[in-house]
Amino acid sequence: MYRKRGGMAIRGFLPGEADHAKVPSMRKPVLVAFGTLLALASTGAMAWWKLRPADPPPAPTAERGYDDIQRDEYERWMQDLGYTE
Amino acid sequence: MRTPPFVLLCLACFGALLGLRFALEPLSARVAAVFAEPRGAPEAVMALPPKPEGLDAKPPGEGGEGGAALLTLEACEAMAKDVRDVCLQAVARQSAARDPDHAVDVCAKVADAELREECNADVAETVAPVDRAVGERICEGLSTVKWRGQCHFGMGLALAETDVPYAVGRCERAEAFRDFCRHDVVGEAALVDLEAAVAVCAKEEGDALTRKTCWHGIGKYLARRSAPEAAAACARSTPDWRGNCFHGLGWGAAERDPDATLAFCADQGPYADNCRQGVAHQLKRFDPTRAVALCEAIATPAIRDRCLAFVTR
Numbered sequence: 095m096y097r098k099r100g101g102m103a104i105r106g107f108l109p110g111e112a113d114h115a116k117v118p119s120m121r122k123p124v125l126v127a128f129g130t131l132l133a134l135a136s137t138g139a140m141a142w143w144k145l146r147p148a149d150p151p152p153a154p155t156a157e158r159g160y161d162d163i164q165r166d167e168y169e170r171w172m173q174d175l176g177y178t179e
Numbered sequence: 150m151r152t153p154p155f156v157l158l159c160l161a162c163f164g165a166l167l168g169l170r171f172a173l174e175p176l177s178a179r180v181a182a183v184f185a186e187p188r189g190a191p192e193a194v195m196a197l198p199p200k201p202e203g204l205d206a207k208p209p210g211e212g213g214e215g216g217a218a219l220l221t222l223e224a225c226e227a228m229a230k231d232v233r234d235v236c237l238q239a240v241a242r243q244s245a246a247r248d249p250d251h252a253v254d255v256c257a258k259v260a261d262a263e264l265r266e267e268c269n270a271d272v273a274e275t276v277a278p279v280d281r282a283v284g285e286r287i288c289e290g291l292s293t294v295k296w297r298g299q300c301h302f303g304m305g306l307a308l309a310e311t312d313v314p315y316a317v318g319r320c321e322r323a324e325a326f327r328d329f330c331r332h333d334v335v336g337e338a339a340l341v342d343l344e345a346a347v348a349v350c351a352k353e354e355g356d357a358l359t360r361k362t363c364w365h366g367i368g369k370y371l372a373r374r375s376a377p378e379a380a381a382a383c384a385r386s387t388p389d390w391r392g393n394c395f396h397g398l399g400w401g402a403a404e405r406d407p408d409a410t411l412a413f414c415a416d417q418g419p420y421a422d423n424c425r426q427g428v429a430h431q432l433k434r435f436d437p438t439r440a441v442a443l444c445e446a447i448a449t450p451a452i453r454d455r456c457l458a459f460v461t462r
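Residue numbers (this note's numbering), protein chains in the order written: chain A, 95 to 179; chain B, 150 to 462.
Looking at chain B on its own, in the form it has when it is part of the complex (with noise of 0.2 Å):
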């Protein structure tokens, strides 16, 4: 037999090292997601704040004072990419309550997939006001279930003020969000419709996470506008969930005068531990040594133990 057995050894160790080498291969990916992505890292826990402000944002150049330019399609056509997907956007939000189509059809020409998803979810909140269907479908037609999730939570807070049970409805399918819109929908409509909103809770629908923040956004969205009206709010809460209506009371109180908010949390009887932890929760965020003192001073031990383990967190 001529076969040259050297040959064939350096072939069977070649052959075992790429074997090998195609057997590590999902592990060295997976290690390289490890080091790619810093745990603990904000954005690593929650990949996408919602928006509860979204209703207010303005996009540039659309209302308010000042003069500001109209934006058009071709001025944002000749502009640096970075940028030009945020005119998009913006041109999108601009046209979005007159003509949806159009709107969709310039939110196609966004570049990032990421923003041409929020580009739709927002053309779908602009229009929810004017014409419920055009959002739905368009809410519908995004591929990614965060966008989805996003836009029909959109389309809840634009709806929030007018017509509660659809906002409410909206939530059902904002996937990740369903909690978060709750809260925020049911929030918004307190401000004007309290009764609407008190209804809403104490429906009591889901579980304890669902039904107590439901309360939360109650007590949190009417302190930022008085907190004695948050409070009287509260005071028709379930039993169950009374301290975290207090705590969104303190956190939203908190969020324009912390030193106030205190002075008004000392005269909530049982719940003024809740209330502190509330403002404690708000302060983390700009004073974390002052939240971490008055998460030390509460009385109630579980509440200071959970406030503690926030501030510090």
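For reference, chain A alone in the conformation it holds in the complex (with noise of 0.2 Å):
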């Protein structure tokens, strides 16, 4: 079943139309790789996701207040500028 809009005919997909009528030849594959696309972008989207490198652990800078900072990287911190051993 076509329906003209614009002069152009396009294929509806509407339950009960797709199997009874061929898609236009020069749609299908401009459908096929789009899906494709889609599928693609969104499979690698997850694996980014899945794959993503943890969370680096928190600088000790100074805009995070004395009780924020892990005791042992202040340390490092402090051992690093000649303030402890």
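Worth flagging that the hints you see were computed from the coordinates, not collected in a lab. Since we're looking at a predicted model, the values are computed, not measured. One thing to keep in mind: the hints can contain errors.
[To be verified] Here are the computed distance ranges between Cβ atoms for each label pair: (1) B/E354 - A/L175: 45 to 55 Å; (2) B/L340 - A/L145: 35 to 45 Å; (3) A/A139 - B/L158: 37 to 47 Å; (4) A/D161 - B/D416: 39 to 49 Å; (5) B/E404 - A/L145: 40 to 50 Å; (6) B/E226 - A/D161: 20 to 30 Å; (7) A/L175 - B/A165: 48 to 58 Å.
C-beta atoms are modelled at their ideal positions from N, C-alpha and C, and glycine is treated no differently.
From the two separate chains plus the hints, produce the assembled complex.
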């Protein structure tokens, strides 16, 4: 079943329409390519999400309050600056 | 029904892509942040080194010999943008002790937000010996944790030689720089009033890191003047932290003469290796190969391991 829109024949995709008419030959590869790309993109995005590197431990920036800083990283910071052994 | 189904499909796909793009936006921002900040870079670890020498830093045009020109607000305003802020900072420091309100007004003209905070912290540090209340008010008015902490730290340093209890009290407001502040304030104080400095550390306030860095400060600052004087002070330290005091001694004395310090360390009995470790830590900056060799020669296994871990990282 074809419908005229703006002088162009377009294929309907409503249920019951797809099984009794052929997709126009020029549109089918475009749709297949589009669908494949979409599937690849979503698979890639999911894989990236799963395999992304873990968050790095927060560096002791001075914007963090004294109580927010882990003592071991704080000690290392002090060591680097010559404030403790 | 006259709904165009292909258009619906296109709109659905477009909507899905749009949704995906916004859903991934926080992730992409995080990834960008990871690539933008190289891990391991010194500035990533140490946001802003404390300023142990801050009191000695003279702004351009202030005091000193050589007839340096006095900077003026007008001169700064006429300068190029990249030096204008630095110039304004210097002008603010020049007038801080005489006219702190004017100095704060000058700081307000600094365009860069970070430098503006630093400018105010410098004014507070400079005015502190003259008017503590003004300095405290300026520090409390700063908007970032970092510069509020630095501001109180600076005030503590400014008064370390004249009012030790007050100076140590400022450190309690120095936030992330609290232990750095105590280390330096107590160290500065030890140079003029060892009894007062020892009294602070002998209170054994805070956790292990806070307590041991206190004695480290005494050892390091005194050793910059005299290693034997520092060793005598370290002998008065709490036994648990005495090794850390001798580490400070080794570091501070090695800033002047590493070889003479190593010879001195050899006579320090059970603390000789702590002293050598301090020398190695100091040498890491200037002669890392020798620092590694020094660490490897340390006899005490635990100290040798700590020493090597530090100089090779």
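Comparing the hints with the structure gives:
Roughly 21 Å separates the CB atoms of B/E354 and A/L175, a value that falls outside the hinted 45 to 55 Å. Between B/L340 and A/L145 the beta carbons are some 56 Å apart, a value that contradicts the proposed interval 35 to 45 Å. At about 21 Å, the beta-carbon gap between A/A139 and B/L158 misses the expected band of 37 to 47 Å. Against the hinted window of 39 to 49 Å, the Cβ-Cβ separation of A/D161 and B/D416 comes to about 42 Å, which satisfies the hint.
In this structure the supplied range 40 to 50 Å holds for B/E404 paired with A/L145, their Cβ-Cβ distance being about 48 Å. Checked against the hint of 20 to 30 Å, the C-beta distance between B/E226 and A/D161 comes to roughly 42 Å, which is inconsistent with it. For A/L175 and B/A165, the hinted distance range of 48 to 58 Å is satisfied, since their beta carbons lie about 52 Å from each other.
Of the numbered hints given earlier, the model fails hints 1, 2, 3 and 6; all others are met.
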